[in-house]
Amino acid sequence: MVAPPYVVATVELDDGCRMFGRIEPQESVAIGMPVGASFVDHGRWTELVFVPAPEP
Amino acid sequence: MTAAIAGVGYTPFTKESERSVLDLATEACSSALDDAGLAAREVDGIASFMVMHDSVPGQAVATCLAIPELKVALDIDLGGQAPCYLVWLAATLIDAGAADAILVFRAMNGRSAARVGTMRFAGMGGQFRYPIGYDAYLMYVAMWGQRFLYETGQGEADLAGVVLNQRRYAMDNERAVRRRPLDLDQYLASPMVVDPFRADDCTVEVDGACAVLVTSLDRARDLRQPPAVIASGAYRAGPQPGVDIGDHLLWSDYSRNYTSHLAEGLFGRAGIGPGDVQCAEIYDCFSSTVLIGLEGLGLVERGQSGSFVRGGNTRLDGSLPLNTHGGLLSEGYLHGMNTVAEAALQVQGRGGSRQAPAHEVCVVTSGAMMDGSALVLTSDR
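Residue numbers (my numbering), protein chains in the order written: chain A, 164 to 219; chain B, 55 to 435.
Do not take every clue at face value.
What the hints assert, rightly or not - DEER-style ranges, computed between Cβ atoms:
1. A:Gly199 - B:Thr117: 58 to 68 Å
2. B:Asp129 - A:Ser201: 38 to 48 Å
3. B:His107 - A:Val165: 24 to 34 Å
4. B:Asp131 - A:Val203: 31 to 41 Å
5. A:Arg207 - B:Pro293: 28 to 38 Å
6. B:Ile130 - A:Ala166: 35 to 45 Å
7. A:Cys180 - B:Arg323: 34 to 44 Å
8. A:Arg207 - B:Asp330: 50 to 60 Å
9. B:Met106 - A:Ala166: 21 to 31 Å
10. A:Ala166 - B:Tyr204: 21 to 31 Å
11. A:Pro167 - B:Pro293: 25 to 35 Å
12. B:Asp129 - A:Val212: 38 to 48 Å
13. B:Arg95 - A:Pro168: 49 to 59 Å
14. A:Glu175 - B:Gly403: 44 to 54 Å
Claimed, not checked - Under 8 Å between C-beta atoms, here's a sample of chain A residues computed to sit facing chain B:
15. Val165
16. Val171
17. Thr173
18. Arg181
19. Met182
20. Phe183
21. Gly184
22. Arg185
23. Ile194
24. Glu210
Hints listed in this document are in silico derivations from the structure and should not be mistaken for laboratory results. No residue lacks a Cβ here, since even glycine has one placed at the ideal position from N, Cα and C.
Using the sequences plus the hints, can you model the full thing?
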């Protein structure tokens, strides 16, 4: 379980396909912002979380 | 097409029916037959839909109604995409001579028992969504709503316009569950549930049932009510609708839903254009789907739906009365079966105090995202 509030976003990869995932920190989120991958260990599983990235 | 809706039936919409879904379904179907003035022994088809087995098979309802024999029995595994689709299928089956009179219903203890809003849908994509909290139907619709608002430069005032328009109608509808007056300040002061949706942007779940009777136009003309002629219908899924209802990853443009894809065929088969539509009943599990539908059907230009609604054009005295029962937002979540019934009442001229003055051509839709259906209903001219 994830405690609200949190952000789930559709992320478009540079190669054209889409994924969805949470974005942290949520205060930073805006549609169109560049993000990169980060991995969060939850013990029994690992979550792909997107985080703000510098402009390419 | 030579079929029509000849009668509509409802149970009361409540928070806790204390009755079985079978009982609710039987009452709504029986009520639709009474409305039309047709005996159950004349019925030979039944069609319904359910989500995660939250309803009963049509054959069970036919048994309770003492229908002698079924030539058509359809139970499909779909939600709000289904009502127009099933009515359209019923019309085509009648047109083909497969059956004479088909009841289409939706019944559910949708508030006190299986609630769609918090249901965990079976589906291959769920394994990726549930662990990260992307786990409820309203979140999927919110994802599309956000993209739509962003792409078209619209926002919360535009969603508010939809909510307030429909609440105004619901205040005049005794069947509606949400009838207290609502103004913009009250709307904006309420907290977000899932951005961009506040509580009043979300449908209100209810227990209840709704049914319509479909028969040939010739037969409908001999019955008690004026026919609501089924001028055309359409169902569309795609492009690439995904592995389940929460999967929009391969859908080309999720700021547009199925309405953009079916509009041309729908209106073409009816021999009309969007400009000929006089009133509309657009599926509204959440407020954003009304705006997406108005634009997708071509009733309003892209990006203009919010200002169109806020400008009063969708009130009874406007150019396009819209969701005249208060919609699923205010009348209650009968999964859009009640939206079809309202469209029938409007073209029949039985809308009472919420009757659209011009009501010869009405468009009605079912569904919110990658798949859905629609009908054009007309008065018998």
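For each hint, the structure was consulted:
The hinted window of 58 to 68 Å between Gly199 of chain A and Thr117 of chain B holds, with their beta carbons roughly 60 Å apart. With their beta carbons about 46 Å apart, Asp129 of chain B and Ser201 of chain A fall inside the hinted range of 38 to 48 Å. For His107 of chain B and Val165 of chain A, the Cβ-Cβ distance of about 28 Å falls inside the hinted range of 24 to 34 Å, so the restraint holds. For the pair Asp131 of chain B and Val203 of chain A, the beta carbons lie near 35 Å from each other, so the given range of 31 to 41 Å is met.
A hinted range of 28 to 38 Å for the beta carbons of Arg207 of chain A and Pro293 of chain B is consistent with their spacing of about 37 Å. For the pair Ile130 of chain B and Ala166 of chain A, the supplied restraint of 35 to 45 Å holds, since their beta-carbon distance comes to about 37 Å. At about 36 Å, the beta-carbon gap between Cys180 of chain A and Arg323 of chain B stays in the expected band of 34 to 44 Å. Distance hint for Arg207 of chain A and Asp330 of chain B: a CB-CB separation of about 58 Å, consistent with the stated range 50 to 60 Å.
The hinted window of 21 to 31 Å between Met106 of chain B and Ala166 of chain A holds, with their beta carbons roughly 26 Å apart. In this structure the supplied range 21 to 31 Å holds for Ala166 of chain A paired with Tyr204 of chain B, their Cβ-Cβ distance being about 26 Å. Between Pro167 of chain A and Pro293 of chain B the C-beta distance comes to about 33 Å, which sits within the given range of 25 to 35 Å. Checked against the hint of 38 to 48 Å, the pair Asp129 of chain B and Val212 of chain A passes, with Cβ atoms roughly 41 Å apart.
The beta-carbon spacing between Arg95 of chain B and Pro168 of chain A, approximately 57 Å, falls within the hinted interval of 49 to 59 Å. Remark: the range hint 44 to 54 Å for Glu175 of chain A to Gly403 of chain B is upheld by a beta-carbon distance near 49 Å. Using the Cβ-Cβ criterion of 8 Å, the hint placing Val165 of chain A at the interface with chain B is satisfied: the shortest such distance is roughly 4 Å. At about 4 Å, the closest approach between the beta carbon of Val171 of chain A and any beta carbon in chain B falls short of 8 Å, and the interface hint on this residue holds.
A hinted interface residue such as Thr173 of chain A counts as satisfied when its beta carbon comes closer than 8 Å to some beta carbon of chain B; here the least separation is about 6 Å, so the hint holds. Because the closest C-beta pair between Arg181 of chain A and chain B is about 5 Å apart, less than 8 Å, the hint holds. Hint status for Met182 of chain A: holds, given a least beta-carbon distance of 7 Å to chain B, under 8 Å. Restraint check, Phe183 of chain A versus chain B: the minimum CB separation of about 6 Å is within 8 Å; hint holds.
The beta carbon of Gly184 of chain A is positioned within 8 Å of a beta carbon in chain B (closest approach about 6 Å), and the interface hint is therefore held. Restraint check, Arg185 of chain A versus chain B: the minimum CB separation of about 5 Å is within 8 Å; hint holds. Annotation: interface hint on Ile194 of chain A holds; nearest CB of chain B at approximately 5 Å, less than 8 Å. Interface restraint check: Glu210 of chain A against chain B, minimum CB-CB distance 6 Å, threshold 8 Å, status holds.
Hint compliance for this structure: every hint is met.
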